[in-house]
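Okay, so the sequence shown: first residue is 0 according to numbering that gives the first Met the number 0, each after it adds one.
Just to be clear, a hint being listed does not mean it is correct.
Said to hold, decoys possible - Label pairs and their in silico Cβ distance ranges:
#1 P93 to M0: 42 to 50 Å
#2 M102 to A187: 36 to 44 Å
#3 P93 to I35: 32 to 40 Å
#4 W45 to I97: 22 to 30 Å
#5 N214 to V146: 24 to 32 Å
#6 S43 to I97: 29 to 37 Å
#7 A13 to L135: 24 to 32 Å
#8 I132 to L48: 25 to 33 Å
Calculated from the structure, these hints are not laboratory results.
This structure is a prediction, so every number in the text was calculated from the model and none was measured.
For every residue, glycine included, the Cβ atom is placed at its ideal position computed from N, Cα and C.
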Amino acid sequence: MSAVLAPLLLIAIAVCIAGIAYRIYNVLQAPVLRHIAITPAADSRWGVLWFMLIETVTFRTLFKASVPTWIFGWLFHVCLLLTIIIHGRFLSIPAPTIVAWLMPYTSIISYGLMVGLIGLFVRRLVVDRVRYISSLSDYMHLILLLVIAGAGMLLSSSDSVNVYEVTLFVQGLFSTQWPSLTQNYLLALHVLGACVLLCVYPFSKLFHGPLMWFNPTRSQPQRPRS
């Protein structure tokens, strides 16, 4: 199984990195002909940096727009970040300290991730104005994330996966000889879903987080009128 999953993972990682570089390069090349900061905005570059950090961490603008959407969106993003950190257990033996501290809470974080995703999916179905502007890709992205998260939850709650074996596989991913993996269709689904997500991420709306930092209406300090 490793002979199939390893090349696909390497290709997906390469596509993701190249795609991110391509998108950021295109954004940086786009001319900003006018100063279009939306007020109230910070008065300096350091102020803009602080504003963007607060916005990224707290989703303050989304909170002001819709509290229910903020709850599900913030819950999903925080649990996704913690889940990615927990996956760091496969990068070293023993696991890094922060990963070891989070691992007892894996189930809680997984349920939080699923609740956030389901809430965002239901929102697109039941809120008229959101359903009107939603495209097929919006639903497919959420379904893909639900499949990956669901498969991961089932894997973590079962004894069908040898964590040590997976750790050796991940650590040997960039070598020419990949450690073998015991055949596990649930693990294959989880990894294949992650590969699709890596390939899709730079070229879809899922890339909205990094692009927010290059939005000229947010990343410029305000200029008081003379």
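Hints and how they fare:
1. P93 to M0: 42 to 50 Å: For M0 against P93, whose Cβ atoms are near 26 Å apart, the range 42 to 50 Å is violated.
2. M102 to A187: 36 to 44 Å: 23 Å, violated
3. P93 to I35: 32 to 40 Å: 50 Å, violated
4. W45 to I97: 22 to 30 Å: 28 Å, holds
5. N214 to V146: 24 to 32 Å: 30 Å, holds
6. S43 to I97: 29 to 37 Å: Distance hint for S43, I97 holds at roughly 33 Å.
7. A13 to L135: 24 to 32 Å: 27 Å, holds
8. I132 to L48: 25 to 33 Å: 31 Å, holds
In this structure, the earlier hints numbered 1, 2, 3 are contradicted, and the remaining ones agree with it.
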